[in-house]
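Please build the complete structure, drawing on both the sequences and the hints.
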Amino acid sequence: MTRAQIIATRLALLVLVLGAWELLPRLGVVNALLLPPLSQVLVTLADLLGRASVQEAVAVTALEVIVAFIIAVPLGAAAGIVIAENAYLSEIFKPVLFYVFSIPKSIFLPMFILVFGIGFQQKVAYAAFTTGFVVLMSATAAVESVRPDHILVARSYGATQSQILWRVYVPSMLPFLLETLRISMIFNFTGVMIAEMYASRTGIGHLIANWGENFQMPQLFAGVIVLSAVAIIFNEGVRALEARCSTWRT
Amino acid sequence: MQHLANVTELRARVDEPAIKVDGLSHVYAGADGGVAALLDITLAVGKGRFVVIVGPSGCGKTSLLMMLAGLRQPSQGTISCLGRPIPKPDPQRVGVIFQEASLFPWLSTLDNIEFPLSLRGVARAERRRRSEAMLRLVGLEGFGERYPHELSGGMKQRVSIARGLVQDPPLLLMDEPFAALDEQTRMTMGHELLRIWSTTQKTVVFITHSLTEAVYLADEVLVMSARPGRIIDHIQVTLPRPRSYEMMATEAFGQLRERIWQQIRKAA
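Here the protein sequences come in this chain order: A and B. Every position in the first sequence, counted from 1, becomes a number in the working numbering once 42 is added. Every position in the second sequence, counted from 1, becomes a number in the working numbering once 60 is added.
The set of hints was computed from the structure by calculation and includes no laboratory data. There could be a bad hint or two in this list.
With beta-carbon atoms standing in for the labels, derived distance ranges [to be verified]:
| id | chain 1 | residue 1 | chain 2 | residue 2 | range |
| --- | --- | --- | --- | --- | --- |
| 1 | B | H251 | A | T51 | 53 to 59 Å |
| 2 | A | V280 | B | M308 | 54 to 60 Å |
| 3 | A | P137 | B | S135 | 32 to 38 Å |
| 4 | A | R189 | B | D82 | 33 to 39 Å |
| 5 | A | V280 | B | K107 | 37 to 43 Å |
| 6 | B | H251 | A | I48 | 55 to 61 Å |
| 7 | A | L84 | B | A183 | 29 to 35 Å |
| 8 | B | V87 | A | R189 | 24 to 30 Å |
On the chain A side, residues computed to face chain B include the following (Cβ under 8 Å) [what the hints assert, rightly or not]:
| id | residue |
| --- | --- |
| 9 | A94 |
| 10 | F158 |
| 11 | G161 |
| 12 | D191 |
| 13 | R197 |
| 14 | S198 |
| 15 | Q203 |
| 16 | Q205 |
| 17 | L207 |
| 18 | P213 |
C-beta: ideal position from N, C-alpha, C; glycine also.
Have a look at this one:
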């Protein structure tokens, strides 16, 4: 199949799904109360985006996501790199980290609520907690991707410790770190959403949970569309960056 | 008298070997008291000579090379490269080329060759000038903007040689640089290396497993014993230069190869 054919097929599938979303409820094949037609959802979406309360909720969520990300990524990366680089720390902490990593983080959410309440801090703390683990594990793997022979070559040409860091470690790890950034944002977003849906007074996750409970399906789907769009845009943005680094991925 | 003393000192410096190793022994620390890797190695490599070291696997050849490069320090004995000890890597005195080309995949061919210069903060224009000269020397004109994954194994090793030569160090240490290449490429690369060596007048210490390669390249062959590595034979290769592939079929070549083989068999 040529590239054009593949794209045409993908578009056809998209049209099919969206068309089904519009037609099936209208034809009464599925219950329009459970799945409102696409056009109705889009009208609701436009209406919601114009409301101050929704705009505020989106802003709060965005801020939570960004702050949690800014806290979790450098902390997780630094901890991961230190642990991977230090044979002693690695010996002590690695098994423990693997055990903890396997535990679903959401079971700790009630504890976060007890400590931080149900406000901004709780969302940020919980999301940073879940994200930090992912970043830490990936950073450890990224350090292990640095080839010892590259370090030896740099040393033999008289590289200082900081030159080895910036000219060997960083470029070796960059593709992994971008991948980490992308995956950690997925976890980060999920963390904020779960925290908002579980207990909150504002935020888009809180609105979605409410709309669901109140059986406001057009609003619920409109919220899903907004969140999906934001998540996909971020993910694809980082993926485009990754592709630019792919020449040295091998 | 003062004048005479100066002349004597000068003569001593001219005649001084490029590399002098004296009573070098090395023990790797371990739980059970350590492993003796090298035992009482004494050798001298004259300026401009091509010296090949052969020996069974694990005999400490690479350890010795690392020490000559200042990448590792021996437990005992002294090393002098061009009249001075080498407590840490000194790329302007000693260039090292490893078995793996170990090019940085994120740098183009020219940037890889320039890497040692950029570590020292050499200006960009000067770096480019020298890396392009090296690229010509190793016969890779037109490949400067390529990335390592676009090059063949032999080409990568050429780039690695260019990188080793770019600072123009008088001493070149090579640790089985062609071991990862196929036989045909290996022979071509050996021939190329001799051409580069004859134009640059470097002192070369070359480690290999291949006896044919050893005899083909060397002025002198040092044979090392199994661990702990000692020098058990020192063979002068008197074949004329420039060497040609046809020489491999000669009796003299065969005898030298046979003598080294006998020594290695005794050593293993």
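Tested hints:
1. About 55 Å separates the C-beta atoms of H251(B) and T51(A), a value consistent with the hinted range of 53 to 59 Å.
2. The given range of 54 to 60 Å is respected by V280(A) and M308(B), whose C-beta atoms sit roughly 56 Å from each other.
3. For P137(A) paired with S135(B), a C-beta distance near 35 Å keeps the hint of 32 to 38 Å intact.
4. Distance hint for R189(A) and D82(B): a CB-CB separation of about 35 Å, consistent with the stated range 33 to 39 Å.
5. As the Cβ distance of V280(A) to K107(B) is approximately 55 Å, the hint placing it in 37 to 43 Å is violated.
6. A C-beta distance of roughly 49 Å is found between H251(B) and I48(A), which places it outside the suggested range of 55 to 61 Å.
7. For L84(A) and A183(B), the hinted distance range of 29 to 35 Å is not satisfied, since their beta carbons lie about 60 Å from each other.
8. For V87(B) and R189(A), the Cβ-Cβ distance of about 28 Å falls inside the hinted range of 24 to 30 Å, so the restraint holds.
9. Interface hint status for A94(A): violated, as the beta-carbon distance to the closest one in chain B is roughly 48 Å, over 8 Å.
10. Interface restraint check: F158(A) against chain B, minimum CB-CB distance 42 Å, threshold 8 Å, status violated.
11. Because the beta carbon of G161(A) sits about 44 Å from the nearest beta carbon in chain B, more than 8 Å, this interface hint is broken.
12. Among the interface hints, the one on D191(A) holds; its C-beta lies about 4 Å from the nearest C-beta in chain B, closer than the 8 Å criterion.
13. Here the hint on R197(A) is kept, as its CB sits about 6 Å from the closest CB of chain B, short of 8 Å.
14. The restraint placing S198(A) at the interface with chain B holds, with a minimum CB-CB distance near 4 Å, inside the 8 Å limit.
15. Below 8 Å, beta-carbon pairs count as interface contacts, and Q203(A) has none with chain B, the closest being about 12 Å; its hint is therefore violated.
16. Hint on Q205(A) holds. Least Cβ distance to chain B is approximately 6 Å, under the 8 Å limit.
17. Interface restraint check: L207(A) against chain B, minimum CB-CB distance 13 Å, threshold 8 Å, status violated.
18. Nearest Cβ of chain B to the Cβ of P213(A): about 4 Å, under the 8 Å cut. The hint holds.
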